[in-house]
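S.K.: Sequence:
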Amino acid sequence: MGELQYHIRCKPGDVGEAVLLPGDPGRVEPIAKLLERPRLIVRNREFATYTGELDGRAVSVCSTGIGSPSTAIAVEELAAIGARTFVRVGTTGSIQKGVGFGDLVIATAAVRDEGTTPGYVPMSYPAVADFELVSAMVAVARAANQRAHAGIVRSHDALYTDLHAARMPRREELEHALEVWHRARVLCNDMETSTIFVVCALRNLRGGSVLTVVNEPGEEAIDPARVAALDLTPMFQVALGAVRQLAPLRA
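The sequence shown runs 1 to 251 under the working numbering.
Since the hints were made in silico from the structure, they are not lab data. Do not rely on the hints blindly, as some may be mistaken.
Said to hold, decoys possible - What follows is a list of derived Cβ distance ranges for each label pair:
{"no.": "1", "residue 1": "54", "residue 2": "9", "range": "16 to 26 Å"}
{"no.": "2", "residue 1": "220", "residue 2": "55", "range": "27 to 37 Å"}
{"no.": "3", "residue 1": "13", "residue 2": "121", "range": "25 to 35 Å"}
{"no.": "4", "residue 1": "29", "residue 2": "229", "range": "10 to 20 Å"}
Built from N, CA and C at the ideal position, the CB exists for glycine as well.
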C-alpha cells in the first residue's frame, strides 16, 4: 500500500476497509457521529476524513467534493491506503415523476455521461454497482420502511445545463437528451456515481451508491431551505446498515 496520499492527506492505518463518500464536506461530521468513537483524521481541500467504528470495525467517511474528477481522486487514494468498500451518500435530482422529494434511490448502474471515466476505459464499459452492496442496501431500506427505488441513475458534469436547459445555447439538444433519459427509465441525475462504479470495478473494489432526492422533474431550482430541513439520516443509515451486513472485502 501507498504512503501519505497527496490530496486526501491520509496514510495507511488512517481509514477503514469501508468508506462512505458524501460530496459535501459539511455532511462528513453528521455521518461520523453515527459511528462509535469517531475522530477527525484530516481536512484538506474538498476532502474531509473521519474514522470511527461500526460494531468494532473501522469505518471511515471522506467527502469527495462535487463531480467526477475529485471523486476519482478520493477513491484512488483511499484504495491506495487500504479501503476496499465505497458507498456514495449524496443528493440527486429526479427524472421520473414517481421518484419524489425525500425518496431514496439505490443505484444498480449508472449512465456514464461525465468526462472522467472515458480516460480510464472506453464508453462501452458499463458502470455497475456491486451486487452485494445493492442487495444489502435494498434489504436495509425495506426493513426500515423507507421509500426507496432501485435502478439506473445518470452521472453528468454540468448541473445547470439540466436545470436551465431552455436558457442554454444547445437548448434543443439538451432538452432532447433529458427526454431520452426519462423515456429510458433512468431514475435520477447526480455527478459522481458512475465514476465510483467504474473505478471500483477496474480496481477490484466494492462500489455502491444511495441518494436522496432533492429536486423533482420540471423544477428549475433546488430550494436550499427545503433541503436544509430534509433529514438525510435515513440515507446514511441505509449505507451503514449495508456495510454492517457485509464482511470486509480483502485485497
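S.K.: Hint by hint, note whether the structure agrees.
M.R.: Hint-by-hint comparison with the structure:
1. 54 - 9: 16 to 26 Å: holds, 23 Å
2. 220 - 55: 27 to 37 Å: Check failed, 44 Å falls outside 27 to 37 Å.
3. 13 - 121: 25 to 35 Å: holds, 31 Å
4. 29 - 229: 10 to 20 Å: holds, 19 Å
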